[in-house]
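**Q** With chain H's structure known, arrange chain W on it following the hints.
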Amino acid sequence: MTKKKDFPKEKRPIRLGPFSPQDHLVITTLGLEFAVAVALGVGGGFWIDTRFSSAPWGMVSGVFCGFALGMYILIKESRRLSQEEKNKEQK
Amino acid sequence: MDVSHTIAHHILDHDFGVMLGGFHLPVTAHTLTMLGISIVLLAVAMLLSMKGKSLFARLMNTIGEEYVSFMRDGIVIPGIGKEGVAFLPYFCTLFLFILFSNLAGLIPQMKTITSNISVTGGLALCSGGLIVYAGIQAHGFWGFIKSFVPGGTPWWLIPLMFPLEVISLLIRVCVLAIRLFANMLSGHMVLLSLLLIIFIIGQMSKIAGVGAAFPAMGLEIFMTFLELLVAFLQAYVFTLLTSIYVGLVVHSH
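If you read the protein sequences in the order shown, they are chains H and W. Under numbering that gives the first Met the number 0, the first sequence has 64 at position 65, and the numbering climbs by one with no breaks. Under numbering that gives the first Met the number 0, the second sequence has 252 at position 253, and the numbering climbs by one with no breaks.
These aren't lab readings, by the way, just hints derived from the structure by calculation. Predicted, not measured: the structure shown is a model, and the values here were computed from it.
Listed next, with one range per pair, are the computed distances between beta-carbon atoms:
(1) W:L11 with H:F45: 18 to 28 Å
(2) W:L124 with H:F45: 19 to 29 Å
(3) H:F63 with W:N60: 50 to 60 Å
(4) H:S81 with W:H9: 42 to 52 Å
(5) H:S52 with W:W155: 29 to 39 Å
(6) H:V59 with W:L159: 19 to 29 Å
(7) H:L24 with W:V26: 32 to 42 Å
(8) H:T49 with W:S204: 44 to 54 Å
(9) H:R79 with W:A207: 48 to 58 Å
(10) H:F45 with W:K81: 41 to 51 Å
Heads up, the beta-carbon is just placed ideally off N, CA and C, and yes, glycines get one too.
Chain H extracted, bound-state conformation (with noise of 0.2 Å):
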């Protein structure tokens, strides 16, 4: 069976885990934090709509925000994860 060690370094196949039981436990949090970012968006931009009686672009805008968010903190939980990964392999 082919291990990691026997490519060159540069040409390593892409490794998901393995993970600790704590790194399981984020990842099946991090779809529903996704879509509480969202939610948090449109509920913001229903919110500024209502102030400002700006429909529908407070909301529009509230989907976006939100889902930016929603994509930062899935992309900052991989970087994180990753880096504990290469902080292991380098122990």
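**A** Chain W alone, transformed into the frame defined by chain H:
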């Protein structure tokens, strides 16, 4: 038969309208259940810590020690590290409270308080407060504020990154509440719906209603055992995620 009314009656909170000197006291079915669970928890804590050399006292002490060891070695230390042992009483209480609340909902005629967003929101706020407190204790107040900005961020990005990171923390706290609330609410709605199928079909034909009772009860028994598993799982997930979030804040650079 109004199915939605029946489900709402069994799941939603009911205010008993208790007034005291012009003030409307929040005496509802869920608050009374919460009070009852707290009294049961106090009794359990007193039992587990009882002194004496009798077999029962030693058994209770052993169970208590095993539980605290499980919380310390399985949840607190893996999530936070040795510094987290100071917060062990909070995690022990949190896990037991959520577990007892979830299990109480499976007893007939009892309410599931964790299917109320106010209760899960309150629990999440307590966990959020612990996250902030642990961060301030580990890094100092300004160190905690600075930890919101990732290292290496250009100065002109800080006004954007800081609010994003604060909102991320708020979202984590919200997700803790919503996960527990949604799991408990949906589980109990499914349990109720499976029973109501018998009555809905029985309205069309009594014989069909009796026939529908058998598969419905079979599914009901299966779902009840699943809800039992979910009760333990959600208590564990809530507690473990709290410890992971505290660990992230304590060990942030």
